[in-house]
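Asker: Sequences are here, hints too, so could you generate the full structure?
2 protein chains.
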Amino acid sequence: MRKIKIIGHGVYLPENKIMFGDQTRYRVKEGVTQIDMAYEASQKALASAGIAIDDIDLIIHSGAVPAQLIPATATLLHERMAKGKSIPAFDVNSSCTSFITALDIASLYIEAGQYKTILIVGCDIASAGLNENQKESYELFSDAAAAVIVTKSDSEKQGVEASLQRTFSDGAHATEIRAGGTLHPGYIYKPEDRAEYLFDMQGKQALLTTARYLPSVFDEFFKKYDLTMDDVDLIIPHQASKALSMFMSRMKIPEGKYADRVSEYGNMVGASVPFMLSTLLSEGKIKEGDRVLLCGTAAGLTVNMLLLSL
Amino acid sequence: MRKIKIIGHGVYLPENKIMFGDQTRYRVKEGVTQIDMAYEASQKALASAGIAIDDIDLIIHSGAVPAQLIPATATLLHERMAKGKSIPAFDVNSSCTSFITALDIASLYIEAGQYKTILIVGCDIASAGLNENQKESYELFSDAAAAVIVTKSDSEKQGVEASLQRTFSDGAHATEIRAGGTLHPGYIYKPEDRAEYLFDMQGKQALLTTARYLPSVFDEFFKKYDLTMDDVDLIIPHQASKALSMFMSRMKIPEGKYADRVSEYGNMVGASVPFMLSTLLSEGKIKEGDRVLLCGTAAGLTVNMLLLSL
Numbered sequence: 001m002r003k004i005k006i007i008g009h010g011v012y013l014p015e016n017k018i019m020f021g022d023q024t025r026y027r028v029k030e031g032v033t034q035i036d037m038a039y040e041a042s043q044k045a046l047a048s049a050g051i052a053i054d055d056i057d058l059i060i061h062s063g064a065v066p067a068q069l070i071p072a073t074a075t076l077l078h079e080r081m082a083k084g085k086s087i088p089a090f091d092v093n094s095s096c097t098s099f100i101t102a103l104d105i106a107s108l109y110i111e112a113g114q115y116k117t118i119l120i121v122g123c124d125i126a127s128a129g130l131n132e133n134q135k136e137s138y139e140l141f142s143d144a145a146a147a148v149i150v151t152k153s154d155s156e157k158q159g160v161e162a163s164l165q166r167t168f169s170d171g172a173h174a175t176e177i178r179a180g181g182t183l184h185p186g187y188i189y190k191p192e193d194r195a196e197y198l199f200d201m202q203g204k205q206a207l208l209t210t211a212r213y214l215p216s217v218f219d220e221f222f223k224k225y226d227l228t229m230d231d232v233d234l235i236i237p238h239q240a241s242k243a244l245s246m247f248m249s250r251m252k253i254p255e256g257k258y259a260d261r262v263s264e265y266g267n268m269v270g271a272s273v274p275f276m277l278s279t280l281l282s283e284g285k286i287k288e289g290d291r292v293l294l295c296g297t298a299a300g301l302t303v304n305m306l307l308l309s310l
Numbered sequence: 001m002r003k004i005k006i007i008g009h010g011v012y013l014p015e016n017k018i019m020f021g022d023q024t025r026y027r028v029k030e031g032v033t034q035i036d037m038a039y040e041a042s043q044k045a046l047a048s049a050g051i052a053i054d055d056i057d058l059i060i061h062s063g064a065v066p067a068q069l070i071p072a073t074a075t076l077l078h079e080r081m082a083k084g085k086s087i088p089a090f091d092v093n094s095s096c097t098s099f100i101t102a103l104d105i106a107s108l109y110i111e112a113g114q115y116k117t118i119l120i121v122g123c124d125i126a127s128a129g130l131n132e133n134q135k136e137s138y139e140l141f142s143d144a145a146a147a148v149i150v151t152k153s154d155s156e157k158q159g160v161e162a163s164l165q166r167t168f169s170d171g172a173h174a175t176e177i178r179a180g181g182t183l184h185p186g187y188i189y190k191p192e193d194r195a196e197y198l199f200d201m202q203g204k205q206a207l208l209t210t211a212r213y214l215p216s217v218f219d220e221f222f223k224k225y226d227l228t229m230d231d232v233d234l235i236i237p238h239q240a241s242k243a244l245s246m247f248m249s250r251m252k253i254p255e256g257k258y259a260d261r262v263s264e265y266g267n268m269v270g271a272s273v274p275f276m277l278s279t280l281l282s283e284g285k286i287k288e289g290d291r292v293l294l295c296g297t298a299a300g301l302t303v304n305m306l307l308l309s310l
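Note that the protein sequences, when read in sequence, are chains S and D.
When we follow the numbering used here, the leftmost residue of the first sequence carries the number 1, and every step to the right adds one.
When we follow the numbering used here, the leftmost residue of the second sequence carries the number 1, and every step to the right adds one.
One thing to keep in mind: the hints can contain errors.
Copies of the same chain look alike in the list, so a pair counts if it works inside one copy or between any two.
DSS-like, lysine-lysine: derived pairs with alpha carbons at most 30 Å apart [unchecked claim]:
1) Lys285 - Lys3
2) Lys242 - Lys83
3) Lys5 - Lys44
4) Lys152 - Lys224
5) Lys157 - Lys116
No wet-lab data here; the hints were simulated from the structure.
Answerer: Below, the structure written as structure tokens:
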């Protein structure tokens, strides 16, 4: 057990709500940036913890797409909320499950005594990269930010009990934005390449790689740590798509054992897992003492799992 | 002491050598990608360790600019060298000092027993983003990759002794690539904005923020860990610019106590620190038992320091 506890959390959900059939999605208004969103969520997290920015000794931004190519997004958030302070800031990226990786790293830092109180912000502005001609992905994603503050716990029963990450790169091109990095720099843009700068989801391939690998990583996780589903109070999966319930059902995980709010919120990319964690805490659906399993699949394909005792 | 040791390392240096006065710089040939470079360095590191990819249980890519916006660069490297394996892969970004942050994280993972053997690749292809109209930065940077493999050490005298990272965001815009992320997405490209997609260095501001913060973080580091310069055999700084010797001299660090190869190699962005570490090991200038101080300033402005006992 790496003894940490959540002392604050908060989310930012854009006002702009759009419906695709019975599916609700959120999109930022023109002019609202990734840094604005990350800042708002972070301020709420600080307020809910009853602490000030001076009490934070590390800022981690966890998300898929940066605000700028240089510097790290965490430093731009730092500029907004911590200018004049010397709080270290860096980015962690395992795409949609970046928060799980970042929380794993944060628990190691806290356990080692290197940092005391860490702000982790999961923030992605999906609508900055959606392709209106690809209905399946265009109607799936929402913009959001979520921030979680963790610190050392004195309880032996509180913290990160177990974590496992696996990457299967035969899924590397199932979900991607091919241009914008060094492989296809932005300044060689041609109008006919526009789609290369937008999110591209090969839905069927994404589902097949998830079907192929998600159950095996679940099995590995439970075996490795000698756990059963009875040890988990609630599974908080990345809200990847409407297929979530199908995957859970295939793995014989009953409804009610996992959070499925895809119709209500959509896929929030790197904000998805911390958004759901914060929302369920705010709603009182999970509480101190509960053991929650954060998990999900991410572009890569990465499967990430982390058992957190609240 | 977080007990780790380097068991393999390797670099990739492009064949294409160009001179700016007495300064040598390296640039990749057309068609050579960031993934090619990262792969070549990683293969050399595996060969020097005498191990195979199956012996690696985590891949961390540490650099400033990704190969694609989605997925993480580490997963694209995974696709090249570990396809069919389930080795986890993610990115860590603190810009030019990403390797130091990644090594810090790797040491925590190894100390916790979460992973046994970790491949950290520092790779940036600066020439993909240089502005030929900004002589000062255009003539400073080189493309390179460097890979380091670390594993658990049984010696109490080998590993990460101390680390400190600080971020001062009043330097957030001294060195940046403003476009390409969510703040200015690639698909809104206009030819008159071309420079926004290229690296922009406010040289004077970068020097001033470095002058302002680097010495204070050095002081904090040595005080916090009760160390003196006598505890360090060699300082391996990020080869940021020709001003390196001036900063070292101001901090009263004598020549010979630090590696200054700027004229020979230039600033390799995220590859700079591991490239120098690997090069000095290959040259026999540092060896087992030595205590080396990895350090540097990065866009952000981040100052990073890590004392490693080899």
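Asker: Confirm or reject each hint.
Answerer: Hints, verified against the model:
no.	hint	in the structure
1	Lys285 - Lys3	within (22 Å within a copy, 41 Å between copies)
2	Lys242 - Lys83	between (41 Å within a copy, 28 Å between copies)
3	Lys5 - Lys44	within (17 Å within a copy, 42 Å between copies)
4	Lys152 - Lys224	both (25 Å within a copy, 20 Å between copies)
5	Lys157 - Lys116	both (18 Å within a copy, 26 Å between copies)
When each numbered hint is compared with the structure, no violation occurs for any of them.
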